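Start from the sequences and build out the full structure, keeping to the hints where you can.
Residue numbers (this note's numbering), protein chains in the order written: chain P, 84 to 381; chain D, 2 to 282.
Think of the hints as simulated: they come from the structure by calculation, not from any bench.
Worth double-checking, as some hints may not be accurate.
[Said to hold, decoys possible] Okay, the calculated beta carbon distance ranges per label pair:
hint, chain 1, residue 1, chain 2, residue 2, range
1, P, Tyr347, D, Gln138, 44 to 50 Å
2, D, Leu123, P, Gly237, 51 to 57 Å
3, D, Phe255, P, Lys375, 29 to 35 Å
4, D, Ile48, P, Lys375, 23 to 29 Å
5, P, Pro226, D, Phe112, 40 to 46 Å
6, P, Asp260, D, Thr120, 54 to 60 Å
[Stated by the list, open to error] Derived list of chain D stretches under chain P, where covered just means 3 residues or more per stretch with a C-beta under 8 Å from a C-beta of chain P:
hint, region
7, 188–196
8, 252–259
[As the list claims (entries may be wrong)] Incomplete in silico selection of chain P near chain D, CB under 8 Å:
hint, residue
9, Val152
10, Arg168
11, Met170
12, Leu189
13, Phe355
All values reported here derive from a predicted model rather than from experimental measurement.
Ideal Cβ placement from N, Cα and C applies to all residues, glycine included.
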Amino acid sequence: MSEFFGFFILLMSNGILIGLMYSLIALGFVLVYKATDAVNFAQGEFVMIAGFMAAGGLMVWGAPLWVAVLVALAAMVAFGFGLERVMLRRLIGRPVIAVVMATIGLASILRGLGPFTIFSGTKPLPLPIPDEPFILGPLFIPPIQLVGGLVSLGFLVAFGWFFLKSRKGIAMRAVADNQQVAMAMGIDVERYFGLAWAMTGIVSALGGILWGNLLGVDVNLALVGFKVFPVVILGGLDSIPGAIVGGLIVGIVENVAAGYIDPYVGGGTKDFAPYVLMIMALMIRPYGIFGKRIIERV
Amino acid sequence: MSIGHGAFMSVGAYTAANLANRLGAPWPVTLLAGGLMAALIGAIVGIPSLRIKGLYLAIATLAGQLIIEWTINHVTFISGGVQASIEVARPRLGSYVLSSQRDMYYFLLFFVVVAIVGTLNLMRTRVGRAFIAIRDQDIAAEIIGINIFRYKLLAFAISSFYAGVTGVLYTYFLGIANYEQFQIGVSIDYLAMIIIGGLGSVLGSIFGAIFVTLLPIVIRYAMEAFGGVFFEPQTVLNLIPNLRLMLFGALIIFFLIVEPEGLNRLWRNIRSYFRVWPFAY
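Shown next as C-alpha cells:
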C-alpha cells in the first residue's frame, strides 16, 4: 500500500513541477490575450526561437551564460515590439479568427526559420544547475524543474502585482477592457499593445531557456506550445492565476495518467491526456476556472 | 473554422485502407465508408460547437486533431503500428485498372467537379441557408426557429465528409496510407489555401488550392536553379521544405493584412476591370 502511495506522490510531485513550467509558457499567452485580445498560436515557436538564441549564444559563440540569457531576453523583447508594430497593429479591429490565422502563419515562418539560423540539429543548453535530483523520502526532484517552478511562481507574483498595483498595469487592464474608452482617457493603446508583446517575449525567453535545458534545443521545442492550450482553457484565457492552476492541473493529470496508463498502451499518454481533459473542460465550462464569462446579445 | 482537417482526412484514408485490405472492398464502397466515417468523427468533434465558437472552437478542433493523430498512430489495428504505412491497390473501373498518372487525374477531377457542384447547390437549399443564418448571427438564427445543434453538427459532418473522401482519394492516388500525410502541418496547408483563396467561397478555395500546390514546385525549381549559388547542394535540399513553410506563413499573413478576401477578390477585381475595359469609369 505504501509503495502504491509513494508512486502516486512521486507522479504528483513531478506533475506539479512540470506543470509550473507549463504555466510559465502559458503566462506569455495569457498576458497577450489579457491586454490585446489577441490569441497567440505561435507561443511554442516564441519559446523555440528564444531557446535557439540562448543556445546559439552559449554554444556557438561561447558567450558566458549571463550574456547569452541577456541577449535572448533583449532579442525577444525587441521581437515582441517589432511583431506588434509590423503585424498585429494592422490587424486591430479585425475578427479574432484573423489574428489566430496570422499567428499560425507566424508560427509557420518561425518554424521554417530554424535551419536558416546559425545551426541545425539538436543543441544542448547547459545551465549551471546540478543534475542529481534531491531525494526527499519517496520524492525525486530534478533541480531544473525546481528552478523552473520557482521562476514561474516569481513571475506569477510579479505580474499579479503589476496588473493590480502599477500604473502601467492598470492602464493595460483598461486597454483590455475597452480600447476606445481607454484611448479617450488618454492611454496610448498601441504602446501598451507593444508592451504586452514584449512582456510575452520575456516570459517566452525564460521558458525557452528552461525548457531548452530540459529537452534540448531544436525545432521540436515548439511542440511544447501545444500544451499551452489545455492549460489556458482550463484556467481561463485571461487569468494569470488561471495559467498557474491550469498548468498544475495539466502537469499532474498528464504525469499521473502516464504513470498508470502508459504500461498498457505503450507510451505517449502524455501527449494525449491533456487534450481529452481540455475537450471535457470546453464542454462543461468553456471559459475556464477563472476566466471571464462572455455574455452575448443579439 | 477548423484546424483539424488533416485528421479527418486520415480517418477517411485509414477507414478505406483497412476496408480495402481486410475485406477487399471496391473503391466506391471504401470511398463512401471513408467519407461517412470521417463525417461521424467530425460530428463528434463538433459536439462542443454547441456551446463554444470562434476561438474556442478552433482550439477544440486542434485538440481533436491531436487526439485523432495519436489514436491512429497508437492503435495497431488501424495503422499497423507506430509510423507504419498501409499499401492500397489501385482503383479499377470495371476491369480497367487506373494506374497511370493521367487516369488518376481524370478520376480525381471527376470528384472535384462533383464536390464543387454539390457545394454550390448546397448553399441554395434550406440547409445551406440555415448555415448562412447561423454563421451570420447564431442567436438570431435560433430565435427564428433554426435548430442550431442539428445544423452545426451537420456542417461539421459535411465538411469532414469532404475531408474524409479527400483522404480516401489521396490514399488511392499515392497507393499507400501513411501517418505522415495527415499531420498538423497538412491542416495548416489547408488553412493557407482557404486564406490565400478567400474565406467562405468555393471559387476561392479552388484558386487557393492551385496556388498552394504550385508554389512548392516553383520554389523547388527556383532553388535548384539559383540555390547552388549560395549554398551547398545538400543544404539546398534541406532548405526547400523550410522555405516552403516560411513562404506559406508569410503569404497567410500578407493576405490577411492586405487582401482578406484573398485571390477570389483579386479575380473579381480583374474581371470587373476588364468588363468595362478600355473605358474605365
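Here is what the structure says about each hint:
The supplied range of 44 to 50 Å is met by P:Tyr347 and D:Gln138, whose beta-carbon atoms lie about 47 Å from each other. D:Leu123 and P:Gly237 have their C-beta atoms about 55 Å apart, which keeps the hinted 51 to 57 Å range intact. A beta carbon spacing of about 33 Å between D:Phe255 and P:Lys375 agrees with the range 29 to 35 Å that was offered as a hint. Distance hint check: the CB atoms of D:Ile48 and P:Lys375 are about 24 Å apart, consistent with the given range 23 to 29 Å.
Separated by about 58 Å at the C-beta atoms, P:Pro226 and D:Phe112 break the suggested range of 40 to 46 Å. For P:Asp260 and D:Thr120, the hinted distance range of 54 to 60 Å is not satisfied, since their beta carbons lie about 41 Å from each other. Only residues whose beta carbon comes within less than 8 Å of a beta carbon in chain P count, and the region 188–196 of chain D has 4; three or more means the coverage holds. Evaluation of the coverage hint for the region 252–259 of chain D: fulfilled, as 5 residues show C-beta separations to chain P shorter than 8 Å, against a requirement of three.
The beta carbon of P:Val152 comes no nearer than 27 Å to any beta carbon in chain D, farther than 8 Å, and the hint placing it at the interface is violated. The beta carbon of P:Arg168 comes no nearer than 13 Å to any beta carbon in chain D, farther than 8 Å, and the hint placing it at the interface is violated. Checking P:Met170 against chain D: minimum C-beta separation of about 6 Å stays under 8 Å; hint holds. The restraint placing P:Leu189 at the interface with chain D holds, with a minimum CB-CB distance near 6 Å, inside the 8 Å limit.
Look at P:Phe355: its Cβ gets to within about 5 Å of chain D, closer than 8 Å, so that hint holds up.
Hint violations for this structure: numbers 5, 6, 9 and 10, all remaining hints satisfied.
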